[in-house]
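Quick mapping for you: the protein sequence lines, in order, are chains B and V. The numbering of the first sequence is UniProt numbering, which starts it at 1 and goes up by one. The numbering of the second sequence is UniProt numbering, which starts it at 1 and goes up by one.
Simulated from the structure, these hints should not be mistaken for laboratory data. It should be emphasised that the depicted structure is a prediction, and the values quoted were computed from it without experimental measurement. Don't be surprised by glycine CBs; every beta carbon is placed ideally from N, CA and C. Each hint should be verified, as a subset may be incorrect.
Heads up, incomplete: computed chain B residues facing chain V, CB under 7 Å, no partners named [unchecked claim]:
hint, residue
1, Ser63
2, Ser65
3, Thr78
4, Gly82
5, Ser92
6, Ser96
7, Asp115
8, Ser117
9, Tyr119
10, Asn122
11, Glu236
Number of protein chains: 2
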Amino acid sequence: MPQNGSAFDRATAVTRTEGGGIRAELDPAWDVGAGVLNGGYLLGVVARAALLDSPHPHPVALSASYLRATPGGPADLTVTAGPGGRTLAHASVLLSPAGGPSLAVQVTTATLGRDGSDYSVNPVPEVPGPDECVATRTAEGGPAVGLARQIDTRLDPATAGWTVGRPSDTRLLRAWIRLADGRDPDPLALLLFADALPPTAFAVGRPGWAPTVQLQVLVRALPAPGWCLVESRSTEVTGGWSDEECRIWDSAGRLVAQARQLARVAR
Amino acid sequence: MPQNGSAFDRATAVTRTEGGGIRAELDPAWDVGAGVLNGGYLLGVVARAALLDSPHPHPVALSASYLRATPGGPADLTVTAGPGGRTLAHASVLLSPAGGPSLAVQVTTATLGRDGSDYSVNPVPEVPGPDECVATRTAEGGPAVGLARQIDTRLDPATAGWTVGRPSDTRLLRAWIRLADGRDPDPLALLLFADALPPTAFAVGRPGWAPTVQLQVLVRALPAPGWCLVESRSTEVTGGWSDEECRIWDSAGRLVAQARQLARVAR
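Use the sequences and the hints to build the structure in full.
Given below as structure tokens:
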């Protein structure tokens, strides 16, 4: 599929205004419930804005503060370029929908390659193939939100007990993931995938909101075509705060992204 | 020791100017070589600026882009407050020494507690006591930089082979750490400790610069008095980029901070 024909590319498009600003039409179809847009989808929009004037083609690191919930509709993007050189460039991006700034992001852009790793202790977990996994779109207890129609998510049966009323005692989710329209992954899609699984509290039978406070995503390599495998785990929950650690491997078994977020959780 | 008597508190102090700005006198004694200040020290300064007008007393999440090297001397801090509520508050902080902006940080403040964890898969590693560990201040191959005089670092012998010419094949460092003047840890000191160990490439016998590109630090709990244990590991090195994963436990064995940075490394 040509990338400009993909729903993700259309929904994350940014345009320059006559006044020299940058504008996006945030698509309400990428929500996580109650009209609130998914945080990874928003990072895709922000990265596109940062890339407009960058000398480099790929986002390699995004660190975001989620100031408030972002609704669909028109939004302004303010890009403040930092220093840029041969290796990388920095920018700060502020996303402002109608109600005022909702997302502030530090963006680093560079040129990613397909070279093999020089060092890796991120072996790909053993998970059955996508067809032997649990499609969350139709799972009991699965998310009935816009995002679930945009991405095809297949949960590792070992971490899917919660979908059939048998929660685990471990806050761990693993899933194959791809865009529902078949568009292959790229660094922008990895930003989406880094915040696309349900909160890990679902795995232990505690569904509910877990709004992201800050999220850092590192894109480590260009992903191969096909499914990506996403692993999300919480390692520490205390005082109403949870971390969510995320690793993403491509179809060739290579680590292509890492992320960590701090989220609020029900106490 | 009263905290206002500590070198760290003096070196990270910020003051309001008559014009309403915020200013710091960055202390060249906290350098990592060549007059370049340590990234964790700078986060301490930035957090103090963010706390000035915050309704909350503690930094809980900082995400920073290191735009360029920061030298000692006077620096301006620009704090842009975001939304704040009963639970947390956001701010963006820009640190500008004489040469222009060098550090852009998203800061989230809140109120941290000493409650026990609700969930944790971060058992404290088994490391001999500080007196049985390797003091890097005097170690052959150890860092002969200002920072090494400000903090007392005791490397786990299991990860200290590189200090005596016997590097490991694992990019892992563990060390007890405290401020050299005996000041007890607090959330600000944890920001320092999150970027205080040498690059993990040292462990495999490849000393050299590893400039931080982006760094996220999460402070998860108020630390108990005494030594902290810091573990730093690299999990993926590719194309001249390395991650550095950091966890910090307090003297009671509790996880009190997590961090991840993306750094440039020699190829």
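Output the numbers, in ascending order, of every earlier hint that fails for this structure. Violated: hints 3, 6.
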